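Enquirer: Sequence:
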Amino acid sequence: MTAQLRICIDVPDLEKGIAFYTQVFGLTLGRRLGRGWAELLGALAAIDLLAEPVGSASSPGSSAARDYKRHWTPVHVDWPVPDLDAAVRRAQAAGAVLDRDVQTRKYGRLANLADPFGNGFCFLEMRGRGYDELVAAAEGGLVAAAEGGLALLPETVQFVEML
Numbered sequence: 072m073t074a075q076l077r078i079c080i081d082v083p084d085l086e087k088g089i090a091f092y093t094q095v096f097g098l099t100l101g102r103r104l105g106r107g108w109a110e111l112l113g114a115l116a117a118i119d120l121l122a123e124p125v126g127s128a129s130s131p132g133s134s135a136a137r138d139y140k141r142h143w144t145p146v147h148v149d150w151p152v153p154d155l156d157a158a159v160r161r162a163q164a165a166g167a168v169l170d171r172d173v174q175t176r177k178y179g180r181l182a183n184l185a186d187p188f189g190n191g192f193c194f195l196e197m198r199g200r201g202y203d204e205l206v207a208a209a210e211g212g213l214v215a216a217a218e219g220g221l222a223l224l225p226e227t228v229q230f231v232e233m234l
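If you use the numbering used here, the sequence shown corresponds to residues 72 to 234, in order.
Think of the hints as simulated: they come from the structure by calculation, not from any bench. Do not take every clue at face value.
Quick list of the computed label-pair ranges, beta carbon to beta carbon [said to hold, decoys possible]:
1. Pro145 - Gly97: 24 to 32 angstroms
2. Pro124 - Glu204: 38 to 46 angstroms
3. Asp203 - Gly113: 35 to 43 angstroms
4. Arg198 - Lys140: 28 to 36 angstroms
None of the values given here were measured: they were computed from a predicted structure. Just so it is clear, CB atoms sit at the ideal spot from N, CA and C, and this is done for glycine as well.
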C-alpha cells in the first residue's frame, strides 16, 4: 500500500488561511471537515488548514502555547515554481514575508518566506538538472559535498541538504 501524505498547517483564522493558500499556491477548497478544518486540493498531497486559537496548547501536556508570530519549526513545505520572482511577488501581495534575499544555489533559486501566520515555506525554481546538480559519483555511495552539507545514503541514494 502506498502511504498517503497530508500536510497540516495551523492558522488562527481559517477563512484567512484559505484565502492565502488558495491565492498564493493556486489550491482549491476541497471539503470542510469540521468547523475549524478545511482541506485544500491541487498539490501532490492534501493540505489541511486547522484553526487553532492563539495561546492554545501546542500539544497535550506542553506549556508551549501557539503563537502566530514568525517562528521556527523543524518541518516546512518546499514548493517548486516555474517563475520564482512571480511567485514571491504573489505571496508578498497576499501577506507573506520574505525572510532573506533570494538565494542562488547549484540546483536553482530559493526563496525563504513566512505566511501571514508565521509558518515558514520555501519556493524553489529549479535549473539545469535540479537537485541532481548536487549529486557526485563516488564509490560506496557516500558523498560529502561542500555546498550546504550533503549526505547520500548508499542503500537508498537519498540526500538531505542543510539549508
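Enquirer: Next, verify each hint and record whether it holds.
Expert: Cross-check of the supplied hints:
Judged by the Cβ atoms, the range 24 to 32 angstroms given for Pro145 and Gly97 holds: they are separated by roughly 26 angstroms. For Pro124 and Glu204, the hinted distance range of 38 to 46 angstroms is satisfied, since their beta carbons lie about 44 angstroms from each other. Evaluation of the 35 to 43 angstroms hint for Asp203 and Gly113 yields a failure: the beta carbon distance comes to about 26 angstroms. At roughly 34 angstroms, the beta-carbon separation of Arg198 and Lys140 lies within the given 28 to 36 angstroms, and the hint holds.
Consistency with the previously given hints fails for number 3 only.
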